[in-house]
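Q: What follows is the residue order along each chain.
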Amino acid sequence: MTNVLAEKKKARLEQLAQAAAEPGGVGLWREALRRLRRNPAGMVGAVIVLAFLLLAVFAPLIAPHDPAQRFKELTDNLRADHIPGAMSGFPLGGDPNGRDFLSRLIYGSRQTLFVGVLATLIGLTAGVTIGALAGALGGWVDMLLMRLTDVMLALPSLLLAISLVALASKSSQWTVIAAVATVNVPIFARLLRGAMLAQRESDHVLAARSLGVKQRAIVLRHMLPNSLTAVIVQATLTFSVAILDAAALSFLGLGDPDINRAEWGLMLGTDGQRYFEVRPELAYYPAIAIVVVALGFTLLGEAMRESIDPKNRR
Amino acid sequence: MQARRLKTAIAATAVAALAVGIAGCAESDRGSSGDSGGKTGGTFVFAGSGDPKNFDPIFNDDGESFRPARQIFDTLIQNKPGTADLVGALAESWEHDATGKVWTFKLRQGVKFHDGTPFNAAAVCFNFDRWFTMKGAAAQSQMLYYGDVFEGFAKNEGDATGEPVYKSCAAPDDNTAVISMNRYKGAFPGAFALTSFSISSPDALKKYDADSVTQSGDSFTYNDYGNLHPTGTGPFTFGGWDKSKGEITLNRNPDYWGEKAKVDKMIIKIIGEETTRKQELRAGTVQGIDFPAPADAAALANDFNVIARPAFNILYLGINQKNPKLRDLRVRQAIAYALNRQQLVQTKGPAGTKVADELMPGTVLGYAPDVQKYEYSVDKAKQLLKEAGAENLTLNFYYPTEVTRPYMPNPQEIFTALANDLQAVGIKVNGVPRPWNGGYKDDVQKLGKHDLHLLGWTGDYNDPGNFVGTFFGREKAEFGDGAMTDMFAAIAGADGTVDEAGKKTAWEQVNRDVASKWLPAIPIWHAPPSIVVTKNVKGLIASPLTDERFNTVSLS
Amino acid sequence: MLRVIVRRLLQLAVTLFALSILVFVWLRSLPGGPVDAMLGDRATPERRALLVKALGYDQPILVQYWRFLQRTLVGDFGASTRSGDSVLSVLGRAFPATIELTVAAMIIAVGLGVPLGYLAARYRGRMPDNLSVVGTLVGISIPIFFLGYLLKDVFTQHLHWFPPSGRISIGMDNTHVTGFFVLDGILTREWDASADAIWHLILPAATLATIPLAVIVRITRASVLDVLNEDYVRTAEAKGLRAKVVRQRHVLRNALLPVVTTIGLQTGALLAGAVLTEKVFNWGGLGTEITNSISGSRDYPVLQAVLMLAAIVFIVVNLLVDLSYAVIDPRVRVR
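If you read the protein sequences in the order shown, they are chains A, B and C. All the letters of the first sequence, read from the start, carry residue numbers 172 to 485 under this note's numbering. All the letters of the second sequence, read from the start, carry residue numbers 83 to 638 under this note's numbering. All the letters of the third sequence, read from the start, carry residue numbers 4 to 338 under this note's numbering.
Simulated from the structure, these hints should not be mistaken for laboratory data. We put the CB at the ideal spot given by N, CA and C, even for glycine. Heads up, some of the hints might be wrong.
What the hints assert, rightly or not - Below, in silico cross-link-like pairs of lysine-lysine (DSS-like), each with a Cα-Cα straight-line distance of 27 Å or less: (1) A:Lys243 - B:Lys455; (2) B:Lys249 - B:Lys267; (3) B:Lys237 - B:Lys288; (4) B:Lys531 - C:Lys56; (5) C:Lys56 - B:Lys217; (6) B:Lys617 - B:Lys342; (7) C:Lys242 - B:Lys558; (8) B:Lys464 - B:Lys531; (9) B:Lys464 - A:Lys243; (10) B:Lys249 - A:Lys243; (11) A:Lys243 - B:Lys462; (12) C:Lys242 - B:Lys528.
Said to hold, decoys possible - The following residues of chain A were derived to be distant from chain C, with all beta-carbon distances above 12 Å: (13) Val218; (14) Val228; (15) Ser328.
Unchecked claim - A few chain A positions that, by computed beta-carbon distances, are all more than 10 Å from chain C: (16) Arg208; (17) Ala217; (18) Asn248; (19) Met258; (20) Leu315; (21) Ala465.
Chain A extracted, bound-state conformation (with noise of 0.2 Å):
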């Protein structure tokens, strides 16, 4: 059973990882790296990227209020159709429930990088395995787990996102982080079994073989690091994807259902939805947050693919 849109997007993302596996180690990073300085988009993009780790890593220092605290300044004027505006102290105002949201907003940077990292990192692992093991075995194994992302592949991501996030007997940001990374293993599966299947009639692999290495030394120590370059750039793309299907969720209320943690996803989704036209700031600044950070991270992830392309090399 080989499903029409596996065969389309495997052809697309073997021919990727081969590339990416070809020469392998350090000279192809450090030729990437230089290509990629000289592409004035991505470097943009990892300005972008840059910027927004650091805003994560250091909030508790940036942000000037506790995220989770009700101030009565903000309470006092607070109405079911009133939030109150930027005041001493409170440079943007006021959330739907009396806390800081420029606070909200920078803390929700954490949140953000918190649940795309950890969409990415589950989905790539997870599709790193199936792809590897489908990879080094081959046979029926291989046979089997392909079927398995062909019938995966069959739905829409963001509807399997939206049904898997449905099936959770209690909602929470889990639920949406597992929805969302189970979207992309499949794709990541195929990636790597493409690379890897590449690595195996390679020269080095080979030598080693013919060597007497073992299988699995064979598959650890040469396969799978060589194979791990088309994964990490289709990583940086992933992450802009996962943080928009979070967006996504919440906006058809399946999202994390705590509306007390920050995330940029969630404020869009409910209270910048909600109180659109009392105050629209609400929702333009978090949205303005996800597209510039979507936009860096995949900026960034087209010029790394362009740069370890080797159209592109000369």
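Chain A is fixed; fit chains B and C onto it per the hints.
A: Relative to the frame of chain A, chains B and C by itself:
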């Protein structure tokens, strides 16, 4: 203006580009109306928020199904427009005997159903007997209000054990219907005004096979009566429901017995999203929306008439006494003192919201003005917790998601505020959000997994039994199995009192004891739900029971 | 060719069977369920139990699935738990709505994306290139529901150019033939209805089009660049053919092949995007059925059918793309 020009351009392009080859395949079968959705002067468009289930009122229990039903049908007794007081409708007057078991209705004369058949006592009895003798688990399980009020059927299906309240109906003459009950219930006469008990044309019921509710796999299929041919006596006749457009059309009934409809036509357009309803109102395509988000009320009031209905609801914080710590009255009182309800009303309540002291609105019979009130006091709360030895209390606070209700427009924000108050007196709160239809009601009402929970109620009719009786009349998982048998007995006693004055006194005492002795839940607020219409809509009378009849509406 | 199609269709059946089990088991293990939604706020636990039993939700999942399979195989797809409408009639309404929306979005995306991609390739590394590539990347980085809100706010609330929601004006008395409102208007010569439907289509389709747009621009750009370097193009140029002729005859035609594939690959993304777009624009399609069924009524039969249908569309479109690819380019042999 710009829109019109753009549209014309599109029309021209569409015709030119697409039409040439395909034209002539099918001939239009519609009438002369060539106007593309513009105003016809006489059409009132109201935005509904969800699909009705069907149009046979007896099988329905939700507001979206009742909105069209209230235009098509009448009940024997109706709520006086704008109040929860009773007034004659199809029955001009009614009385009960000393036992409260025999109800005699003097019917209005000369009323005709939409199919031209006469309304008379035989028709009334036909309807009551139809409900009582309804067959099939499918049909019976869907008659929620009937089950609630009349408790049992001639033959209960499945394991249901309800003892029927209804006994028989007699028609001594065309204009007199006598309904006999097996026992007295406080719900009457208010319950006769429930939309579910609307009177249908017996001819149409028979002709369109109204009793057939069949099971098809996992679901029920309704009959032509409920889907296509609802036939009542109301100010509008049923014109059709175009589901691919989400439009229900109601036509003016020129033979209506009461005040005839001012508009020729009413369209209920179903728009699921709150924001979109508001935008359509602003775009001028709909003339009315229901339940605007409290956040938008002020902005809408600038350009539209925002009519607040008198609040006939209650939001409460329920306490589950399955947790032994919560069986201590002092702990429950501490929770009551800890809640800053005044601030909650101010910051999160729709305009006109009032702090609730009792679990029913002040307009209901038996409301006691002198119950114990719990003014916000952190000190009192802390002291009571200390006395009870419950300083290290951790509570699981369940709140619903994926839902808004008129009494609870923003459950998550209400939770946030209340949880904050509880934490301020040293109670640790473990918030548990659950989807409304995805486990919240199960966990709270069936399994009783929670310690605290948010829930509320909109009244169906003006009777304390419909509020306090519904909540606390019997043992429920919602409030735990605390030894409150004296509360159940007191409520049963009050509900069984036939004499009006005695009933009032009995319920007042129940309300006092609920507040000071039993405190099974803490009343939070009464929130008035609004209805919004454009400024050219005149004559709309908002009802506390959301029982609006649009025959009085005119467009200027 | 025929053998290939038969084999692919068999594969489709197997995938669908596996999917039907997954979806069925998944739905049945959700907390809550349609019974709560059917009974509303006033139901007692006893009444709930009666209904659960009547509908057979208390049976083991395998028994339920067996019953479901038996019914499905004789063509009985069940009825909506909310309205009692047959699932087929629900799909008959929702499916054309979604197809109309996604096709319109695809037309916008291709109509805009191919020229942009072509320009980007011709002016590689210069302003048009950077603008179109980065611009479309910004497009996919905006959460689509938020983009929908923005467009709606600007074009319906401030400029009043377009209607805020729905597929056709309220009270428009249009005749239904196929369920595709634009097509119906043409078939019945109700031109105003067609125009009105197109007028309603523009905003939601433009919103949804941002998803495939970025990909189409990039694919077009890449394949045009590839083709420009091909020998036959150089030969043509060397022969002295006018640049315009070369572009039209050789470059664009050959470069379009990958774009066709991309359309297939984007179907999934479009269907997913439609879920969000339909919610924003009150578009009564498959997406609306999905969101309503999940968070509102837990309408199992409808949800199940819609998800299966989405999978079928997804797989079939990709099959068609594969086949058309083979037809356009004889060098590609379908395996």
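Q: Taking the hints in turn, state whether each one holds.
A: Do the hints match the structure? See the list:
| no. | hint | verdict |
| --- | --- | --- |
| 1 | A:Lys243 - B:Lys455 | 25 Å, holds |
| 2 | B:Lys249 - B:Lys267 | 13 Å, holds |
| 3 | B:Lys237 - B:Lys288 | 20 Å, holds |
| 4 | B:Lys531 - C:Lys56 | 23 Å, holds |
| 5 | C:Lys56 - B:Lys217 | 16 Å, holds |
| 6 | B:Lys617 - B:Lys342 | 22 Å, holds |
| 7 | C:Lys242 - B:Lys558 | 90 Å, violated |
| 8 | B:Lys464 - B:Lys531 | 26 Å, holds |
| 9 | B:Lys464 - A:Lys243 | 21 Å, holds |
| 10 | B:Lys249 - A:Lys243 | 61 Å, violated |
| 11 | A:Lys243 - B:Lys462 | 21 Å, holds |
| 12 | C:Lys242 - B:Lys528 | 83 Å, violated |
| 13 | Val218 | 15 Å, holds |
| 14 | Val228 | 23 Å, holds |
| 15 | Ser328 | 6 Å, violated |
| 16 | Arg208 | 17 Å, holds |
| 17 | Ala217 | 15 Å, holds |
| 18 | Asn248 | 26 Å, holds |
| 19 | Met258 | 26 Å, holds |
| 20 | Leu315 | 12 Å, holds |
| 21 | Ala465 | 4 Å, violated |
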